[in-house]
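Under numbering that gives the first Met the number 0, think of the first position of the sequence shown as 0, with each following residue one higher.
Any given hint could be a false lead.
Unchecked claim - With beta-carbon atoms standing in for the labels, derived distance ranges: (1) G266 <-> I487: 25 to 33 Å; (2) N202 <-> L22: 19 to 27 Å; (3) E343 <-> F105: 37 to 45 Å; (4) K116 <-> T450: 16 to 24 Å; (5) R359 <-> T450: 22 to 30 Å; (6) V490 <-> V168: 47 to 55 Å; (7) I507 <-> E269: 50 to 58 Å; (8) H432 <-> I96: 19 to 27 Å; (9) I487 <-> A256: 36 to 44 Å.
No lab work stands behind these hints, which were simulated from the structure alone. Glycine included, C-beta positions come from ideal geometry on N, C-alpha and C.
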Amino acid sequence: MNEQSTTKGFAVLSVASMIVKVLSLLYIPFLRSIIGDEGYGVYGAAYQVYVFIFVLTNSGIPVAISKLISELVATKNYKDAIKSFKIARFVLLVIGIIMSLIMLVFAYPLAKAINYKKAYLSILALAPAVLFTSIASAYRGYFQGRGNMTPTAVSQVIEQAINTIFTLVFAALFIKYGIAAGCAGGTIGTSLGALFSAWYLINVYKKNKKFKVSKEDLNLHIRRYTNKQILKKIINYGVPITLCVGMTYAGNIVDVANTKTRLIVAGLTESNASILYGYLVKYQQLLNVPISIIASLAMAILPAIAGAAAQNNKNEVEDKINYSFRLSFLVAIPSAIGLSVLSEPIFFTLGFGKGSFLMRYGSIVLILSSIMQIQTTILQSIGKLYTATTYSVIGILFKIIINYILIAIPQINIMGAIIGSVVGFLIPVILNHKIIKKTLNIRFNFLTHATKPFIASISMAVIAYIVYYDFNFLLKLEINKLYISNAIATVVAIITGVFVYLFTLIFIGGIREKDLKVLPRKIVDLIPDFMLERIK
(Lines of atoms letter the chains of each structure in order from A; the text may use other names.)
(Lines give C-alpha, C1' and ligand atoms only; values in the text may rest on other atoms or scores of the structure.)
Protein backbone atom coordinates (compact mmCIF):
# COMPACT_ATOMS: atom_id res chain seq x y z
CA MET A 0 0.00 0.00 0.00
CA ASN A 1 1.49 3.35 -1.01
CA GLU A 2 1.72 6.17 1.54
CA GLN A 3 0.23 9.48 0.42
CA SER A 4 1.60 12.93 1.22
CA THR A 5 -0.38 15.17 3.57
CA THR A 6 -1.40 17.34 0.60
CA LYS A 7 -2.51 14.34 -1.49
CA GLY A 8 -4.34 12.81 1.47
CA PHE A 9 -6.10 16.10 2.16
CA ALA A 10 -7.06 16.43 -1.51
CA VAL A 11 -8.51 12.90 -1.65
CA LEU A 12 -10.50 13.32 1.57
CA SER A 13 -11.65 16.81 0.56
CA VAL A 14 -13.09 15.61 -2.75
CA ALA A 15 -14.87 12.76 -0.96
CA SER A 16 -16.17 15.11 1.74
CA MET A 17 -17.50 17.51 -0.88
CA ILE A 18 -19.31 14.70 -2.71
CA VAL A 19 -20.73 13.40 0.58
CA LYS A 20 -21.94 16.80 1.72
CA VAL A 21 -23.40 17.72 -1.67
CA LEU A 22 -25.34 14.44 -1.66
CA SER A 23 -26.52 15.11 1.89
CA LEU A 24 -27.69 18.59 0.90
CA LEU A 25 -29.42 17.49 -2.30
CA TYR A 26 -31.83 15.13 -0.58
CA ILE A 27 -32.85 17.64 2.13
CA PRO A 28 -35.51 19.48 0.05
CA PHE A 29 -37.02 16.14 -1.02
CA LEU A 30 -37.00 14.84 2.55
CA ARG A 31 -38.50 18.12 3.77
CA SER A 32 -41.29 17.86 1.22
CA ILE A 33 -42.04 14.32 2.47
CA ILE A 34 -41.96 14.83 6.26
CA GLY A 35 -42.56 18.62 6.49
CA ASP A 36 -40.81 21.29 8.59
CA GLU A 37 -42.06 19.88 11.89
CA GLY A 38 -40.96 16.39 10.85
CA TYR A 39 -37.57 17.74 9.86
CA GLY A 40 -37.16 19.15 13.36
CA VAL A 41 -37.97 15.69 14.80
CA TYR A 42 -35.56 14.07 12.32
CA GLY A 43 -32.79 16.50 13.31
CA ALA A 44 -33.37 15.89 17.03
CA ALA A 45 -33.12 12.09 16.58
CA TYR A 46 -29.91 12.56 14.63
CA GLN A 47 -28.36 14.56 17.45
CA VAL A 48 -28.91 11.57 19.78
CA TYR A 49 -27.40 9.23 17.18
CA VAL A 50 -24.41 11.49 16.54
CA PHE A 51 -23.73 11.76 20.28
CA ILE A 52 -23.69 7.96 20.70
CA PHE A 53 -21.74 7.65 17.44
CA VAL A 54 -18.94 9.94 18.65
CA LEU A 55 -18.77 8.20 22.03
CA THR A 56 -18.23 4.95 20.14
CA ASN A 57 -16.17 6.07 17.15
CA SER A 58 -14.34 9.32 17.81
CA GLY A 59 -11.49 8.25 20.10
CA ILE A 60 -10.32 4.76 19.18
CA PRO A 61 -10.10 5.27 15.37
CA VAL A 62 -7.95 8.37 15.97
CA ALA A 63 -5.91 6.35 18.48
CA ILE A 64 -5.41 3.66 15.81
CA SER A 65 -4.29 6.28 13.29
CA LYS A 66 -1.89 7.95 15.73
CA LEU A 67 -0.47 4.69 17.12
CA ILE A 68 0.03 3.04 13.73
CA SER A 69 1.69 6.16 12.29
CA GLU A 70 4.10 6.22 15.27
CA LEU A 71 4.88 2.50 15.00
CA VAL A 72 5.40 2.68 11.23
CA ALA A 73 7.65 5.74 11.67
CA THR A 74 9.85 3.66 14.02
CA LYS A 75 9.76 0.60 11.66
CA ASN A 76 7.68 -1.48 14.11
CA TYR A 77 5.37 -3.00 11.49
CA LYS A 78 4.33 -6.13 13.43
CA ASP A 79 3.00 -4.15 16.36
CA ALA A 80 1.23 -1.79 13.94
CA ILE A 81 -0.85 -4.74 12.67
CA LYS A 82 -1.35 -6.08 16.19
CA SER A 83 -2.53 -2.65 17.39
CA PHE A 84 -5.16 -2.53 14.67
CA LYS A 85 -6.51 -5.99 15.50
CA ILE A 86 -6.80 -5.20 19.21
CA ALA A 87 -8.50 -1.86 18.53
CA ARG A 88 -10.86 -3.47 16.01
CA PHE A 89 -12.02 -5.99 18.63
CA VAL A 90 -12.54 -3.24 21.21
CA LEU A 91 -14.59 -1.19 18.74
CA LEU A 92 -16.71 -4.21 17.83
CA VAL A 93 -17.58 -4.84 21.49
CA ILE A 94 -18.32 -1.17 22.17
CA GLY A 95 -20.42 -0.94 18.98
CA ILE A 96 -22.59 -3.88 20.06
CA ILE A 97 -23.09 -2.43 23.55
CA MET A 98 -23.97 1.07 22.31
CA SER A 99 -26.39 -0.27 19.69
CA LEU A 100 -28.19 -2.24 22.40
CA ILE A 101 -28.34 0.87 24.60
CA MET A 102 -30.01 2.80 21.76
CA LEU A 103 -32.52 -0.01 21.22
CA VAL A 104 -33.40 -0.42 24.90
CA PHE A 105 -33.43 3.26 25.87
CA ALA A 106 -34.85 4.78 22.66
CA TYR A 107 -38.01 6.11 24.32
CA PRO A 108 -36.31 7.57 27.44
CA LEU A 109 -33.77 9.28 25.16
CA ALA A 110 -36.53 10.77 22.99
CA LYS A 111 -38.34 11.95 26.11
CA ALA A 112 -35.16 13.47 27.56
CA ILE A 113 -34.70 15.76 24.53
CA ASN A 114 -38.41 16.77 24.53
CA TYR A 115 -39.05 15.03 21.18
CA LYS A 116 -41.17 11.95 21.92
CA LYS A 117 -41.88 11.57 18.20
CA ALA A 118 -38.16 10.85 17.69
CA TYR A 119 -38.52 7.47 19.46
CA LEU A 120 -38.89 5.36 16.29
CA SER A 121 -36.08 7.24 14.54
CA ILE A 122 -33.67 6.48 17.39
CA LEU A 123 -34.65 2.80 17.16
CA ALA A 124 -33.99 2.75 13.40
CA LEU A 125 -30.57 4.37 13.89
CA ALA A 126 -29.35 1.82 16.46
CA PRO A 127 -27.80 -0.68 13.96
CA ALA A 128 -25.82 2.15 12.34
CA VAL A 129 -23.73 2.52 15.51
CA LEU A 130 -22.48 -1.07 15.21
CA PHE A 131 -21.75 -0.85 11.47
CA THR A 132 -19.94 2.49 11.80
CA SER A 133 -17.82 1.07 14.64
CA ILE A 134 -16.54 -1.63 12.31
CA ALA A 135 -15.95 0.87 9.49
CA SER A 136 -14.17 3.32 11.82
CA ALA A 137 -11.60 0.72 12.85
CA TYR A 138 -10.55 0.18 9.24
CA ARG A 139 -10.56 3.92 8.47
CA GLY A 140 -8.22 4.55 11.41
CA TYR A 141 -5.92 1.80 10.14
CA PHE A 142 -5.71 3.17 6.59
CA GLN A 143 -5.20 6.74 7.83
CA GLY A 144 -2.41 5.59 10.14
CA ARG A 145 -0.67 4.04 7.13
CA GLY A 146 -1.01 7.32 5.26
CA ASN A 147 -3.55 6.10 2.69
CA MET A 148 -6.73 8.20 2.71
CA THR A 149 -8.31 6.71 -0.43
CA PRO A 150 -10.20 3.78 1.21
CA THR A 151 -11.68 6.18 3.78
CA ALA A 152 -12.71 8.59 1.03
CA VAL A 153 -14.36 5.94 -1.16
CA SER A 154 -16.16 4.36 1.81
CA GLN A 155 -17.61 7.74 2.81
CA VAL A 156 -19.01 8.29 -0.69
CA ILE A 157 -20.51 4.77 -0.76
CA GLU A 158 -22.08 5.30 2.66
CA GLN A 159 -23.67 8.63 1.73
CA ALA A 160 -24.90 7.46 -1.69
CA ILE A 161 -26.72 4.47 -0.15
CA ASN A 162 -27.98 6.70 2.66
CA THR A 163 -29.38 9.30 0.25
CA ILE A 164 -31.31 6.78 -1.85
CA PHE A 165 -32.84 4.73 0.95
CA THR A 166 -33.56 7.71 3.21
CA LEU A 167 -35.99 9.09 0.64
CA VAL A 168 -37.44 5.69 -0.30
CA PHE A 169 -38.29 4.64 3.26
CA ALA A 170 -39.44 8.11 4.33
CA ALA A 171 -41.92 8.12 1.42
CA LEU A 172 -43.10 4.58 2.27
CA PHE A 173 -43.65 5.23 6.00
CA ILE A 174 -44.98 8.81 6.09
CA LYS A 175 -48.54 7.54 5.55
CA TYR A 176 -48.35 6.14 9.10
CA GLY A 177 -47.59 9.56 10.59
CA ILE A 178 -44.72 12.01 11.16
CA ALA A 179 -42.90 9.74 13.65
CA ALA A 180 -42.96 6.79 11.22
CA GLY A 181 -41.92 8.96 8.26
CA CYS A 182 -38.93 10.34 10.21
CA ALA A 183 -37.96 6.80 11.25
CA GLY A 184 -38.09 5.70 7.61
CA GLY A 185 -35.79 8.60 6.78
CA THR A 186 -33.14 7.21 9.15
CA ILE A 187 -33.04 3.63 7.80
CA GLY A 188 -30.74 4.75 4.99
CA THR A 189 -28.08 5.68 7.58
CA SER A 190 -27.84 2.09 8.83
CA LEU A 191 -27.78 0.64 5.32
CA GLY A 192 -25.09 3.09 4.20
CA ALA A 193 -22.91 2.22 7.19
CA LEU A 194 -23.32 -1.51 6.46
CA PHE A 195 -22.17 -1.20 2.83
CA SER A 196 -19.30 1.11 3.85
CA ALA A 197 -18.00 -1.44 6.39
CA TRP A 198 -18.27 -4.23 3.82
CA TYR A 199 -16.19 -2.23 1.31
CA LEU A 200 -13.45 -1.41 3.86
CA ILE A 201 -13.15 -5.03 4.99
CA ASN A 202 -12.58 -6.13 1.40
CA VAL A 203 -9.96 -3.43 0.76
CA TYR A 204 -8.13 -4.42 3.95
CA LYS A 205 -7.98 -8.08 2.90
CA LYS A 206 -6.25 -7.05 -0.33
CA ASN A 207 -3.83 -4.53 1.24
CA LYS A 208 -3.01 -5.73 4.74
CA LYS A 209 0.64 -6.64 4.09
CA PHE A 210 3.54 -4.23 4.64
CA LYS A 211 6.38 -4.04 2.13
CA VAL A 212 9.49 -4.14 4.33
CA SER A 213 13.10 -3.85 3.15
CA LYS A 214 15.74 -6.39 4.27
CA GLU A 215 17.51 -3.67 6.26
CA ASP A 216 14.34 -2.93 8.24
CA LEU A 217 13.81 -6.65 8.91
CA ASN A 218 17.20 -6.84 10.60
CA LEU A 219 16.56 -3.87 12.90
CA HIS A 220 16.25 -4.57 16.64
CA ILE A 221 12.83 -3.09 17.34
CA ARG A 222 11.30 -2.80 20.78
CA ARG A 223 8.11 -4.89 20.75
CA TYR A 224 4.99 -4.25 22.83
CA THR A 225 2.76 -6.74 24.66
CA ASN A 226 -0.99 -6.85 24.04
CA LYS A 227 -1.53 -5.22 27.43
CA GLN A 228 0.84 -2.35 26.60
CA ILE A 229 -0.83 -1.77 23.23
CA LEU A 230 -4.31 -1.80 24.80
CA LYS A 231 -3.11 0.71 27.39
CA LYS A 232 -1.78 2.99 24.63
CA ILE A 233 -5.08 2.77 22.74
CA ILE A 234 -7.00 3.67 25.90
CA ASN A 235 -4.59 6.50 26.78
CA TYR A 236 -4.93 7.96 23.28
CA GLY A 237 -8.61 7.19 22.71
CA VAL A 238 -10.32 8.11 25.99
CA PRO A 239 -9.31 11.82 26.07
CA ILE A 240 -10.34 12.23 22.42
CA THR A 241 -13.67 10.53 23.11
CA LEU A 242 -14.22 12.81 26.10
CA CYS A 243 -13.29 15.88 24.06
CA VAL A 244 -15.59 15.13 21.12
CA GLY A 245 -18.23 13.54 23.36
CA MET A 246 -18.51 16.65 25.52
CA THR A 247 -18.97 18.77 22.40
CA TYR A 248 -21.87 16.62 21.23
CA ALA A 249 -23.23 16.32 24.77
CA GLY A 250 -23.52 20.09 24.57
CA ASN A 251 -25.46 19.66 21.33
CA ILE A 252 -27.82 17.20 23.03
CA VAL A 253 -28.42 19.68 25.85
CA ASP A 254 -29.02 22.31 23.16
CA VAL A 255 -31.73 20.19 21.51
CA ALA A 256 -33.79 20.08 24.69
CA ASN A 257 -32.65 23.53 25.82
CA THR A 258 -33.43 25.26 22.51
CA LYS A 259 -36.98 23.96 22.21
CA THR A 260 -37.80 24.59 25.89
CA ARG A 261 -36.41 28.14 25.86
CA LEU A 262 -38.19 28.96 22.58
CA ILE A 263 -41.46 27.97 24.25
CA VAL A 264 -40.53 30.24 27.19
CA ALA A 265 -40.03 33.00 24.60
CA GLY A 266 -43.70 32.58 23.66
CA LEU A 267 -43.66 30.12 20.73
CA THR A 268 -45.93 27.10 20.40
CA GLU A 269 -44.36 23.61 20.51
CA SER A 270 -44.90 23.21 16.75
CA ASN A 271 -43.29 26.59 15.93
CA ALA A 272 -40.40 25.81 18.29
CA SER A 273 -39.77 22.58 16.34
CA ILE A 274 -39.86 24.52 13.07
CA LEU A 275 -37.30 27.06 14.34
CA TYR A 276 -35.10 24.24 15.57
CA GLY A 277 -35.41 22.79 12.05
CA TYR A 278 -33.96 26.08 10.74
CA LEU A 279 -30.99 25.58 13.04
CA VAL A 280 -30.51 22.01 11.76
CA LYS A 281 -30.47 23.24 8.14
CA TYR A 282 -27.97 25.97 9.02
CA GLN A 283 -25.69 23.41 10.67
CA GLN A 284 -25.96 20.97 7.77
CA LEU A 285 -24.97 23.62 5.22
CA LEU A 286 -22.15 24.82 7.46
CA ASN A 287 -20.92 21.22 7.69
CA VAL A 288 -19.99 21.20 3.97
CA PRO A 289 -16.87 23.38 4.34
CA ILE A 290 -16.30 22.11 7.90
CA SER A 291 -16.00 18.58 6.48
CA ILE A 292 -13.13 19.77 4.27
CA ILE A 293 -11.30 21.09 7.34
CA ALA A 294 -12.03 17.78 9.08
CA SER A 295 -10.36 16.06 6.11
CA LEU A 296 -7.29 18.23 6.62
CA ALA A 297 -7.29 17.35 10.33
CA MET A 298 -7.44 13.63 9.45
CA ALA A 299 -4.55 14.01 7.03
CA ILE A 300 -2.25 16.01 9.33
CA LEU A 301 -2.72 13.97 12.53
CA PRO A 302 -0.58 10.97 11.45
CA ALA A 303 1.91 13.34 9.80
CA ILE A 304 2.43 15.44 12.95
CA ALA A 305 2.34 12.38 15.23
CA GLY A 306 5.01 10.67 13.09
CA ALA A 307 7.22 13.78 13.09
CA ALA A 308 6.77 14.20 16.86
CA ALA A 309 7.67 10.52 17.43
CA GLN A 310 10.98 11.20 15.63
CA ASN A 311 11.50 14.50 17.55
CA ASN A 312 11.59 16.40 14.25
CA LYS A 313 10.66 19.90 15.47
CA ASN A 314 11.15 21.59 12.09
CA GLU A 315 8.73 19.23 10.37
CA VAL A 316 6.18 19.61 13.19
CA GLU A 317 6.34 23.40 12.83
CA ASP A 318 6.08 23.18 9.04
CA LYS A 319 3.02 20.88 9.19
CA ILE A 320 1.27 23.09 11.75
CA ASN A 321 1.79 26.29 9.77
CA TYR A 322 0.74 24.58 6.55
CA SER A 323 -2.43 23.17 8.12
CA PHE A 324 -3.53 26.57 9.49
CA ARG A 325 -2.79 28.27 6.18
CA LEU A 326 -4.72 25.65 4.23
CA SER A 327 -7.66 25.78 6.65
CA PHE A 328 -7.93 29.57 6.24
CA LEU A 329 -7.76 29.22 2.45
CA VAL A 330 -10.95 27.12 2.68
CA ALA A 331 -12.78 28.50 5.74
CA ILE A 332 -12.62 32.26 5.12
CA PRO A 333 -14.04 32.32 1.55
CA SER A 334 -16.62 29.69 2.51
CA ALA A 335 -17.83 31.76 5.47
CA ILE A 336 -17.99 35.03 3.54
CA GLY A 337 -19.59 33.38 0.48
CA LEU A 338 -22.25 31.60 2.55
CA SER A 339 -23.07 34.86 4.31
CA VAL A 340 -23.37 36.98 1.16
CA LEU A 341 -25.35 34.38 -0.83
CA SER A 342 -27.24 32.82 2.10
CA GLU A 343 -30.73 33.62 0.83
CA PRO A 344 -30.30 32.42 -2.78
CA ILE A 345 -28.46 29.28 -1.60
CA PHE A 346 -31.25 28.39 0.84
CA PHE A 347 -33.84 28.98 -1.89
CA THR A 348 -31.91 26.85 -4.41
CA LEU A 349 -31.54 23.96 -1.96
CA GLY A 350 -35.22 24.08 -1.06
CA PHE A 351 -34.42 24.87 2.57
CA GLY A 352 -37.28 27.34 2.87
CA LYS A 353 -36.85 29.95 5.58
CA GLY A 354 -33.92 30.35 7.95
CA SER A 355 -31.24 31.94 5.74
CA PHE A 356 -30.81 34.74 8.30
CA LEU A 357 -29.01 32.25 10.55
CA MET A 358 -26.36 31.70 7.89
CA ARG A 359 -26.12 35.40 7.04
CA TYR A 360 -25.06 36.27 10.58
CA GLY A 361 -23.72 32.93 11.78
CA SER A 362 -21.21 31.89 9.13
CA ILE A 363 -18.35 33.21 11.30
CA VAL A 364 -18.83 30.03 13.35
CA LEU A 365 -17.25 28.19 10.40
CA ILE A 366 -13.94 30.03 10.78
CA LEU A 367 -13.80 29.52 14.55
CA SER A 368 -14.77 25.85 14.24
CA SER A 369 -12.07 25.30 11.60
CA ILE A 370 -9.36 26.82 13.78
CA MET A 371 -10.47 24.74 16.75
CA GLN A 372 -10.48 21.50 14.70
CA ILE A 373 -6.88 22.02 13.62
CA GLN A 374 -5.82 23.07 17.13
CA THR A 375 -7.45 20.00 18.69
CA THR A 376 -5.71 17.75 16.16
CA ILE A 377 -2.34 19.35 16.95
CA LEU A 378 -2.87 18.87 20.69
CA GLN A 379 -3.88 15.24 20.10
CA SER A 380 -0.79 14.69 17.94
CA ILE A 381 1.64 15.96 20.59
CA GLY A 382 0.01 14.16 23.53
CA LYS A 383 -1.92 17.10 25.04
CA LEU A 384 -5.15 15.12 24.90
CA TYR A 385 -6.73 16.15 28.19
CA THR A 386 -5.87 19.80 27.61
CA ALA A 387 -7.93 19.82 24.40
CA THR A 388 -10.80 18.16 26.29
CA THR A 389 -10.72 20.64 29.17
CA TYR A 390 -10.79 23.68 26.90
CA SER A 391 -13.62 22.21 24.81
CA VAL A 392 -15.69 21.63 27.96
CA ILE A 393 -15.13 25.24 29.07
CA GLY A 394 -16.40 26.46 25.69
CA ILE A 395 -19.43 24.17 25.82
CA LEU A 396 -20.42 25.36 29.30
CA PHE A 397 -20.34 28.98 28.15
CA LYS A 398 -22.36 28.05 25.06
CA ILE A 399 -25.08 26.31 27.10
CA ILE A 400 -25.36 29.22 29.55
CA ILE A 401 -25.55 31.85 26.79
CA ASN A 402 -28.11 29.80 24.84
CA TYR A 403 -30.24 29.35 27.96
CA ILE A 404 -30.34 33.10 28.61
CA LEU A 405 -30.62 34.51 25.08
CA ILE A 406 -32.99 32.04 23.36
CA ALA A 407 -35.71 32.82 25.91
CA ILE A 408 -35.62 36.53 24.96
CA PRO A 409 -38.41 36.96 22.33
CA GLN A 410 -36.46 39.54 20.29
CA ILE A 411 -33.45 37.20 20.00
CA ASN A 412 -34.96 33.66 20.16
CA ILE A 413 -33.13 31.24 17.80
CA MET A 414 -30.31 33.75 17.11
CA GLY A 415 -29.24 33.13 20.70
CA ALA A 416 -27.97 29.72 19.57
CA ILE A 417 -25.68 31.41 17.02
CA ILE A 418 -24.28 33.83 19.59
CA GLY A 419 -23.73 30.92 21.98
CA SER A 420 -21.83 29.00 19.29
CA VAL A 421 -19.55 31.97 18.54
CA VAL A 422 -18.60 32.35 22.21
CA GLY A 423 -18.41 28.57 22.68
CA PHE A 424 -15.77 28.26 19.95
CA LEU A 425 -13.92 31.52 20.59
CA ILE A 426 -12.94 30.67 24.18
CA PRO A 427 -11.21 27.32 23.42
CA VAL A 428 -9.59 28.83 20.31
CA ILE A 429 -7.86 31.46 22.48
CA LEU A 430 -6.86 28.92 25.15
CA ASN A 431 -5.63 26.35 22.59
CA HIS A 432 -3.54 28.98 20.81
CA LYS A 433 -1.70 29.87 24.01
CA ILE A 434 -0.94 26.27 25.02
CA ILE A 435 0.28 25.26 21.53
CA LYS A 436 2.71 28.19 21.33
CA LYS A 437 3.89 27.60 24.90
CA THR A 438 4.35 23.82 24.53
CA LEU A 439 6.00 23.70 21.10
CA ASN A 440 7.73 27.09 21.18
CA ILE A 441 7.05 27.54 17.47
CA ARG A 442 6.19 30.54 15.32
CA PHE A 443 2.75 30.81 13.80
CA ASN A 444 0.38 33.74 13.52
CA PHE A 445 -3.31 33.58 12.59
CA LEU A 446 -3.25 37.08 11.10
CA THR A 447 -0.36 36.21 8.78
CA HIS A 448 -2.17 33.16 7.41
CA ALA A 449 -5.62 34.83 7.25
CA THR A 450 -4.87 38.23 5.67
CA LYS A 451 -4.51 37.22 2.00
CA PRO A 452 -7.47 34.76 2.01
CA PHE A 453 -9.57 37.55 3.59
CA ILE A 454 -8.60 40.11 0.92
CA ALA A 455 -9.32 37.61 -1.88
CA SER A 456 -12.62 36.63 -0.22
CA ILE A 457 -13.85 40.24 -0.11
CA SER A 458 -13.14 40.57 -3.85
CA MET A 459 -14.94 37.28 -4.43
CA ALA A 460 -17.97 38.34 -2.36
CA VAL A 461 -18.41 41.67 -4.17
CA ILE A 462 -18.23 40.10 -7.64
CA ALA A 463 -20.40 37.10 -6.70
CA TYR A 464 -23.07 39.40 -5.22
CA ILE A 465 -23.18 41.59 -8.35
CA VAL A 466 -23.20 38.57 -10.70
CA TYR A 467 -26.04 36.89 -8.79
CA TYR A 468 -28.36 39.89 -8.72
CA ASP A 469 -27.66 40.91 -12.34
CA PHE A 470 -28.16 37.36 -13.66
CA ASN A 471 -31.23 36.78 -11.51
CA PHE A 472 -32.83 40.03 -12.70
CA LEU A 473 -32.19 39.26 -16.40
CA LEU A 474 -33.26 35.60 -16.13
CA LYS A 475 -36.54 36.51 -14.41
CA LEU A 476 -37.39 38.69 -17.39
CA GLU A 477 -36.70 35.84 -19.83
CA ILE A 478 -37.73 32.68 -17.95
CA ASN A 479 -40.42 33.99 -15.59
CA LYS A 480 -39.74 31.02 -13.26
CA LEU A 481 -38.49 32.28 -9.92
CA TYR A 482 -36.83 29.04 -8.74
CA ILE A 483 -35.04 28.33 -12.05
CA SER A 484 -33.74 31.89 -12.45
CA ASN A 485 -32.52 31.90 -8.84
CA ALA A 486 -30.84 28.49 -9.16
CA ILE A 487 -29.00 29.39 -12.39
CA ALA A 488 -27.93 32.79 -11.04
CA THR A 489 -26.72 31.20 -7.78
CA VAL A 490 -24.63 28.55 -9.56
CA VAL A 491 -23.12 31.14 -11.94
CA ALA A 492 -22.33 33.45 -9.01
CA ILE A 493 -20.64 30.66 -7.02
CA ILE A 494 -18.53 29.49 -9.97
CA THR A 495 -17.54 33.08 -10.78
CA GLY A 496 -16.72 33.68 -7.12
CA VAL A 497 -14.45 30.62 -6.96
CA PHE A 498 -12.38 31.79 -9.93
CA VAL A 499 -12.25 35.40 -8.71
CA TYR A 500 -11.02 34.16 -5.34
CA LEU A 501 -8.41 31.90 -6.90
CA PHE A 502 -7.12 34.53 -9.35
CA THR A 503 -6.99 37.23 -6.64
CA LEU A 504 -5.08 34.87 -4.35
CA ILE A 505 -2.53 34.16 -7.07
CA PHE A 506 -2.22 37.86 -7.92
CA ILE A 507 -1.48 38.88 -4.30
CA GLY A 508 0.81 35.88 -3.67
CA GLY A 509 -1.53 34.01 -1.36
CA ILE A 510 -1.14 30.60 -2.97
CA ARG A 511 1.93 28.39 -3.37
CA GLU A 512 2.94 25.75 -5.86
CA LYS A 513 2.22 22.81 -3.55
CA ASP A 514 -1.27 24.22 -2.84
CA LEU A 515 -2.19 23.54 -6.48
CA LYS A 516 -1.92 19.80 -5.78
CA VAL A 517 -5.10 20.09 -3.72
CA LEU A 518 -7.04 21.50 -6.70
CA PRO A 519 -8.50 19.32 -9.47
CA ARG A 520 -6.26 19.24 -12.54
CA LYS A 521 -9.01 20.71 -14.77
CA ILE A 522 -9.24 23.84 -12.60
CA VAL A 523 -5.45 24.29 -12.63
CA ASP A 524 -5.49 24.01 -16.45
CA LEU A 525 -7.90 26.97 -16.60
CA ILE A 526 -5.42 29.27 -14.85
CA PRO A 527 -3.54 31.41 -17.41
CA ASP A 528 0.20 30.75 -17.75
CA PHE A 529 1.16 34.31 -16.78
CA MET A 530 -0.62 33.78 -13.43
CA LEU A 531 0.92 30.36 -12.86
CA GLU A 532 4.33 32.00 -13.28
CA ARG A 533 3.58 34.17 -10.23
CA ILE A 534 3.19 31.09 -8.01
CA LYS A 535 6.33 30.16 -6.09
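Quick rundown of the hints versus the structure:
no.: 1; hint: G266 <-> I487: 25 to 33 Å; verdict: 40 Å, violated
no.: 2; hint: N202 <-> L22: 19 to 27 Å; verdict: 22 Å, holds
no.: 3; hint: E343 <-> F105: 37 to 45 Å; verdict: 41 Å, holds
no.: 4; hint: K116 <-> T450: 16 to 24 Å; verdict: 50 Å, violated
no.: 5; hint: R359 <-> T450: 22 to 30 Å; verdict: 24 Å, holds
no.: 6; hint: V490 <-> V168: 47 to 55 Å; verdict: 27 Å, violated
no.: 7; hint: I507 <-> E269: 50 to 58 Å; verdict: 52 Å, holds
no.: 8; hint: H432 <-> I96: 19 to 27 Å; verdict: 40 Å, violated
no.: 9; hint: I487 <-> A256: 36 to 44 Å; verdict: 41 Å, holds
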